[in-house]
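Asks: Top to bottom, those sequences are chains A and B. Counted the way this note's numbering counts, the first sequence spans residues 137 to 384. Counted the way this note's numbering counts, the second sequence spans residues 17 to 100.
If you are wondering where the hints come from, they were derived from the structure by calculation, not from laboratory data. From a predicted model like this one, the values you see are computed outputs, not experimental measurements. All C-beta atoms, glycine included, are put in the ideal place defined by N, C-alpha and C. Heads up, some of the hints might be wrong.
What the hints assert, rightly or not - No more than 27 Å apart at the CA atoms, straight line, and that leaves these computed lysine-lysine pairs for DSS-like: (1) B:LYS93 x A:LYS327; (2) B:LYS93 x B:LYS25; (3) A:LYS327 x A:LYS247; (4) B:LYS25 x A:LYS157; (5) A:LYS176 x A:LYS247; (6) A:LYS164 x A:LYS176.
To be verified - Simulated restraints, written as ranges between beta carbons of each label pair: (7) B:GLN78 x A:SER200: 14 to 22 Å; (8) A:THR180 x B:LEU82: 26 to 34 Å; (9) B:ARG65 x A:VAL346: 22 to 30 Å.
To be verified - To list a few chain B residues with every Cβ distance to chain A over 10 Å, as calculated: (10) GLY28; (11) ARG46; (12) ALA69; (13) ASP70; (14) ARG94.
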Amino acid sequence: MPFTSNSPNHFLASLSADDRKLIAPHLKPLHLPHGAIFYKAEGTIERVYFPHAGIVSLIVGVSSGQFVEAGVLGRNGVIGAGAALDGQVAFNTAISQAEGAGTVIDASVLKRLARESEAIRIALVRQEHVLAAQTQQVAACNALHELEERLSRWLLQSRDLLSSDTLPLTQEFLAQMLGVQRSSVTLVARKLQQAGLINYRRGRIHLLDVEGLQDSCCECYGAINAHFSRMIGWLPGVDPLSARDAKP
Amino acid sequence: MARYFFHIKDGGHLVRDEEGTDLAGPDHARAHALQSARELCADAIKSGRDLDADAFVIADEQGQSLTFVPVAEVLPKRLRDRQR
């Protein structure tokens, strides 16, 4: 059952038994294939999504057609939490970057439940807060840090959310997420590969040396994790799911 | 639309582009290579590091090399002239 205290979604798992009882009857399963758009920028957010697996990127586009990722969430977050807090108009596009699944609830229902339970309301506010913290860190990172550091951060974040050392990612996709040309990713990926940190094969990146990647990334990876830990009590590697999947 | 591959010549090495990009034609492919070259140059200059690319070799889906685009083409005119 996806509705129990050991829900793979950190938000649901963190709720009290009473609050879970409020939410559980309204949750519906959702499968989000690679490339599926959960909501579009400027559109109305009708449903709130609690991922159990997969990665959802929050991307911001400009009129030239280019876009860049402003934040990324998976089972550590809630997609569209703001819609239950009076923010129904999306200011980014939420797109599934890896086969994902989870549960959804109507935004209007969650909004009502958030009025009934202060704890749910506070948890949603924290969720939006930690997302804002992430996007602010990413803004600084995109403006100030080199691609090698940013790419390393991205790979580590994705690994944490997917609990896997193999990431189904093309260089084209990475380039789009990081807002750079694909050739730049090709050269940085080669550098990481030569250093023995990753192995890249058509559409698949294997992380070979996680500690090495942590050394090659900027402080933003640690800073984002610190925000998640402090605000919502989530840290990669210590949550039940990744502990279960962790290699001995 | 056709798929173009942008292999990167780095000294004696050729870093192969395994994915390719769908583009409208050869002119677009050349423009794409120039745009990539601009970014590689800019990053190298900003970081103070050496450039790890000399040129793009644009190839078609059959593996046939179509054009050779030196990265130095994107240097501002004054810098380019001084090189000669």
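Asks: Taking the hints in turn, state whether each one holds.
Replies: Do the hints match the structure? See the list:
Annotation: proposed proximity of LYS93 (chain B) to LYS327 (chain A) is violated, straight-line Cα distance about 30 Å (limit 27 Å). Restraint check for LYS93 (chain B) and LYS25 (chain B): the C-alpha separation of about 22 Å stays at or below 27 Å, so the hint holds. Distance hint between LYS327 (chain A) and LYS247 (chain A) is unfulfilled; the C-alpha atoms sit about 48 Å from each other, more than 27 Å. Restraint check for LYS25 (chain B) and LYS157 (chain A): the C-alpha separation of about 61 Å exceeds 27 Å, so the hint is violated.
For the proposed pair LYS176 (chain A) and LYS247 (chain A), the alpha carbon gap of about 20 Å is at most 27 Å, so the pair holds. Of the supplied pair hints, the one linking LYS164 (chain A) and LYS176 (chain A) holds, its CA atoms being roughly 21 Å apart against a limit of 27 Å. In this structure the hint that GLN78 (chain B) and SER200 (chain A) lie 14 to 22 Å apart at CB is violated, the actual value being about 31 Å. One distance hint, 26 to 34 Å for the beta-carbon pair THR180 (chain A) and LEU82 (chain B), is violated here, with the actual separation near 47 Å.
Against the hinted window of 22 to 30 Å, the Cβ-Cβ separation of ARG65 (chain B) and VAL346 (chain A) comes to about 25 Å, which satisfies the hint. Under the 10 Å C-beta cut-off, the non-interface status given to GLY28 (chain B) relative to chain A holds; the minimum distance is some 15 Å. No beta-carbon of chain A comes within 10 Å of the beta-carbon of ARG46 (chain B); the shortest separation is about 14 Å. With 10 Å as the threshold on Cβ separation, the claim that ALA69 (chain B) sits away from chain A is violated: the shortest Cβ distance comes to roughly 7 Å.
Its beta-carbon lying about 12 Å from the closest one in chain A, ASP70 (chain B) satisfies the requirement of being farther than 10 Å from that chain. Against chain A, the non-interface label of ARG94 (chain B) holds: every CB pair exceeds 10 Å, the least being about 24 Å.
Violation of the numbered hints given earlier is confined to hints 1, 3, 4, 7, 8 and 12; the remaining hints are satisfied by the structure.
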